[in-house]
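One letter stands for each residue in the lines below.
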Amino acid sequence: MTSAKEKYQSRTEILQGTLDMLILQVLHWGPRHGYALSKVIRTDSGQILKVDTGSLYPALHRLERKGWIAAEWKASELGPRLRIYRLTKSGRKQLIVERSRWAQLTEAIDGILNPAKQESES
Amino acid sequence: MRFLFRWRKRRNEELNEEIQGHLELAARENMESGLAPKDAQTAARREFGSIALAEEVTRDMWGGRWFVDLLQDVRYGLRTLRKSPGFTTVAVLTLALGIGATTGVFSVVNTLLLRSLPFHDPSRLALLQNFIPPDGSAEEFHDWRKRSAYLADAAVFEEWDVTLGGAHALIRAHTAYTSWNFFSVLGVQPLLGRGFLPGEDASRRSVAVIGYGLWQDLFAGDPHALEATIQVDGKPVTIIGIAPPRFDYPGKTVLWGPGNFSPGNNGWITIARLKPDISWQHARAAFDTEAARWVAKGGVRAEFFPQPRMLSLQDGLLGPVKNASLILLIAVALMLLIACSNVANLLLARTTDRTAELSIRAALGASRFRLARQLLTECLLISVVAALTGFLVAFWTISLAAKVEPPPLGAQSYSILDGRVLAFTVLVSVFSAGLFGLLPSLYVHRFRAFGTRTSGGTRGSRLARDTFVVTQVALTIVLLSGSVSVGRAFLDLMGTDRGYAVKGIDTVSVSLDGTAHQPEKRELPYFEEVLDHLRTLPGVRAASATEFLPLDATAFVGGPFGLDGHVAERNSIVVPVFSDYFRAIGGSILYGRAFNDKEVRSGANVAVVSEEFAAGFGAPAAVVGRQLTNGDEHRKIVGVIRRTDYQIGAIEAEFQVFVPDSTPGAFCCTFVVRVDGAAQQHLARVRDAIRSVDPEVPVFGVKTMEQRLDETVARPRFYRTMVWAFTGFALLLVVVGTYGILGYAVARRTHEIGIRMALGATQGRVARFVVGEVLLMVCAGIAGGAPLAFWVKPVAAALIGRSAGGVTAPIAFGSIIVFGIAVLAAYLPVRRATKVDPMVALRYE
Chain A
1 MTSAKEKYQS
11 RTEILQGTLD
21 MLILQVLHWG
31 PRHGYALSKV
41 IRTDSGQILK
51 VDTGSLYPAL
61 HRLERKGWIA
71 AEWKASELGP
81 RLRIYRLTKS
91 GRKQLIVERS
101 RWAQLTEAID
111 GILNPAKQES
121 ES
Chain B
123 MRFLFRWRKR
133 RNEELNEEIQ
143 GHLELAAREN
153 MESGLAPKDA
163 QTAARREFGS
173 IALAEEVTRD
183 MWGGRWFVDL
193 LQDVRYGLRT
203 LRKSPGFTTV
213 AVLTLALGIG
223 ATTGVFSVVN
233 TLLLRSLPFH
243 DPSRLALLQN
253 FIPPDGSAEE
263 FHDWRKRSAY
273 LADAAVFEEW
283 DVTLGGAHAL
293 IRAHTAYTSW
303 NFFSVLGVQP
313 LLGRGFLPGE
323 DASRRSVAVI
333 GYGLWQDLFA
343 GDPHALEATI
353 QVDGKPVTII
363 GIAPPRFDYP
373 GKTVLWGPGN
383 FSPGNNGWIT
393 IARLKPDISW
403 QHARAAFDTE
413 AARWVAKGGV
423 RAEFFPQPRM
433 LSLQDGLLGP
443 VKNASLILLI
453 AVALMLLIAC
463 SNVANLLLAR
473 TTDRTAELSI
483 RAALGASRFR
493 LARQLLTECL
503 LISVVAALTG
513 FLVAFWTISL
523 AAKVEPPPLG
533 AQSYSILDGR
543 VLAFTVLVSV
553 FSAGLFGLLP
563 SLYVHRFRAF
573 GTRTSGGTRG
583 SRLARDTFVV
593 TQVALTIVLL
603 SGSVSVGRAF
613 LDLMGTDRGY
623 AVKGIDTVSV
633 SLDGTAHQPE
643 KRELPYFEEV
653 LDHLRTLPGV
663 RAASATEFLP
673 LDATAFVGGP
683 FGLDGHVAER
693 NSIVVPVFSD
703 YFRAIGGSIL
713 YGRAFNDKEV
723 RSGANVAVVS
733 EEFAAGFGAP
743 AAVVGRQLTN
753 GDEHRKIVGV
763 IRRTDYQIGA
773 IEAEFQVFVP
783 DSTPGAFCCT
793 FVVRVDGAAQ
803 QHLARVRDAI
813 RSVDPEVPVF
823 GVKTMEQRLD
833 ETVARPRFYR
843 TMVWAFTGFA
853 LLLVVVGTYG
863 ILGYAVARRT
873 HEIGIRMALG
883 ATQGRVARFV
893 VGEVLLMVCA
903 GIAGGAPLAF
913 WVKPVAAALI
923 GRSAGGVTAP
933 IAFGSIIVFG
943 IAVLAAYLPV
953 RRATKVDPMV
963 ALRYE
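Chains A and B are the protein sequences, given in the same order. Residue numbers for the first sequence follow this note's numbering, beginning at 1 and rising by one. Residue numbers for the second sequence follow this note's numbering, beginning at 123 and rising by one.
One should not assume that every hint holds.
Stated by the list, open to error - Derived DSS-like pairs: lysine-lysine, alpha-carbon spacing no greater than 30 angstroms straight-line: (1) B:Lys131 with A:Lys66; (2) B:Lys160 with A:Lys39; (3) B:Lys160 with A:Lys50; (4) A:Lys74 with B:Lys131.
Derived by calculation from the structure, the hints in this document are not laboratory data.
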C-alpha cells in the first residue's frame, strides 16, 4: 500500500515526444477508448507514467488527423457512447519507425551512462 | 463556409461527449473503489484537470485554427465598424477614392505600357522614326530589307483619308498604303481571303484588304465581299482580304492597299522586326550607324530633321502619352498615400479610445499578437470594402480616359477586369491596410493586462500623429506645386494669342477625290462657285478655304524655306489658301497685302510669310517684295502675317508660308466661314449651302473652330482636370486630417490646458501655444515637401505639352495654400482650447 503511494508520488510526466509512441503501442494490442488508454499506460508503467489528459486528447486528435489511428463511436453497455480508437496500417508503420528511433535513443543514452560496458562489448 | 462551421460545431459536441465519457468511466471506477457518488465525480474531475484547456488544445489539433480565428476577427470587426458608422464611412470613402482612382489610372498604364501589343511576338517589333529606307522603287526597298544585317523583316506604309463610295453613301475613311509584306511583319493573318502578294506593291494593282468593321458596315459580314469592288476616291478597288476583328493599325485604318513607291516620297513610316538572335542594344547601334550614313548622304537635311531613332513599336505608338500616364499614376499614388495617412490617423485616435476594450481583452488572455491581428483585420475589412466601392471610381476613370485618350489600337482597351489590374488592386488595398493599420497595431503593445486607462497623449502616439501631418503637408505640397504648374501651362496654352479667331468661325471640309470635278480639272471652278454662294448667305462676313486649317497638324507639307537663298532657322509648313483667307480666319496682315482672286486663279508665284519667319531676316517689313526660296523654287513675298499658332502646344512650332491654292482638292479642302454671332447657329446652313452646289461631293468635318480647338486641347484639359481633382482631394484630406488631429489633441489635453489657464495663462497664450504647434508641423512639412516638389518640373511639359516656367513660384504658392489651410483647419480646435473653463477642465476625466 505504501509502495503504491510512493510510486504514485514519484510518477513522472511522460517524456516529451514519446506519448505518440506509447499510444500507438497500446493501440497495437487492440482498439481502446481514451480513458482505457490512459489507464493502461498508467498501470503498465507500474503507476510511474501518468498521462495528462490535457495532452492525451490533443495527441489522439493529432494522430487521427495524421491518419495513424482511426476513431469510431461505439455504444457501451455502461451507458455513454465511447469514442474507440484503433491503429491503422500507416500507424503500424509509424509505430515501427518510432520504436526503432526509441531503441537508438536509449542505446545512445545507455552508452553515455555506461561507457566502460560499451567499450568492453565492442 | 457554413459547412465548415457546422462541421466544427459537430466536432465540438463530439469532443465534449468524449470527455464526458472519460469522466464518467473514471467516476464509475472511483465508486467501485468505495467513494460516494458525489466524491467519485469530483475526484474524476480533479484528476482530469482543466476540461476547457484540454478542449482548447485538442481543437487546435483539428487544423484550420487560423481560419476560424480569422472568421471570428472578421465578424467582430464588422460589428465594431458597424457600431461607428461615421468613422467607417469616412475611412471607406477616403480610401475608395484613393484606391479607385489609382486602379483606374493603373489600368490605363497597364493597357498602354504593360500589356504587349496584339501582334505576333510584339517585343521584337521596332519603329524606325524619322528614317526612310531606300524607296525609289519596290525592288529597291525589298532589296534593302533583305540585305539588312539586323532586321529580320521591315515594312513601310503611308496613311491618309479617302472617300469610300459604297452602294449607299460616301464615307470618309482612314487608309494605309503599305509594302506587300506589312501584314507578315506584324504577324497578322487576314480573317478571310489573303494579304498582299510579293510584288503586288510594284504592280499598281487596285486591290485592298478591308477592316472587319468596314466589312460588317458595307457587306454585313457577307463572305462574298471578297472579289467585290468598292470605290476609293472614285477608283474601283477589288477587295482581296478581310482583316481580323479590331485590327486597325496604323491609326484606326479601315482599308489597306499596296503602296506606291516613287523617288522622293517622304511620307513613309517604317516598321521592322529584329533578327531573332540580336539584342535591342546591338540592333539600335546598327541602326544608328546606318541612319548616320543615310543622313550624311543627304537623305534629309540634318539641321531641319529630327534625329532618326529606333523605338520599340509599343513606345512608338505611345509617344508622349507614356510619360503623361506615368505622371498621373504618381500623382494618384501620392493622393492615396495622403488618404492612407488620414485613415491611419482616424484609426490611431480610435485605438486610443478603445484602450479600455483592448485592455480588458488583454486581461482575459488575448495575446498582443492576437490584438494586433484583430486591428489589422479591421483595417483589411475597411480596405476591401473601399476597394469594392473604388471600382466605381475606377470605372469612371477609365471611361473618361477612353474618351479623351483612347488606346492607340482598336484591339486594346482599358479594362479593370484584367488579371494584372485586379492583382494590383488587391496589392494596393492590402498595402494601404498595412500602411494605415501598422501604427495603430504597434500601439497595441502599450496595453498591459492592468492599468486600463493610460493617458491618450503618450509621447509615442503623439509623435506618430505629428508625423502624419508633416508627411501629408509634404506630399500635398508636391501635388499642389504640380497642379499649379500644370494649371499655369494650361492657361498658357489656352491664353496664347493664336493669331486667328476662335469664335464666329464655321468650318466644313470637302473632298473632290473621285468626284466629277476632278478628272476634268474642274476643282477650282467648284470652289469658286461654293465661295460665291457662301458669300451671299446672310450673316456671313467672309468666306474662304484652305487645305490646312490651324490645329490640323496631320497633313503638313513643309520644307527648308529661306529668303533669297539664305535658309531660315526652322522648317516652314506650306499652307495653300484661297483669297480672303486671312480675313475669314481672323488673321491680320502686318505688312504688304493678301492674295487676290486673280493670283489664286492663275497660281501666281507669290507668298505670304509669317511674322516669325520674317523676323529671322531683320525687320519683318523689309521682306515684302523679296524672294522666298526653297531649293530652286522662287516666290515673291507679297505680305507678312501676324504670328499664327498653327500647331497648338508644339514646343518647336514651324514657321508658316501661305501660297495661293490654284490646285485645291489634292487631299481635302476646308471652307472657313466667318459669321456674325454664334458660329453654331450658322453651321447647318453653311453645310447645306456647300452641299447644295454638288450633293455628290462628300462633306465632313462640320465643326465650329471652337469645337476644333476643344478637341485639340481635350487631352491636356483632361490631364489638368485629373491632376486638379487629385490635388483637390488631397487638400480636402489635409483639412480633415489636420482638423481631426488638432481637435483630438485639444480634447485630449483639455486637462493640461485647464491647468495652464488656472495657473494664469491667458486665452491668447493658449491659442498661440496650440497654433505654434500646428505651424511647427506645417513648416516641417513644407521643408520636407519643397525639395521633393522640384521634381515636378517636367510634369507640365509631359501633361500639357509645354513647360510653364520655373517651379519656385508653384512651390511657394503651394506652401502658402497649405499653410493657410492648416491654419484654417486649426481655427476651431484652437477656439475650443481657449474656451476651456479651468474648473470644468480640472474635473475632466
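* Asked: Which of the numbered hints are not met once you compare them with the structure shown?
  -> No hint contradicted; all consistent.
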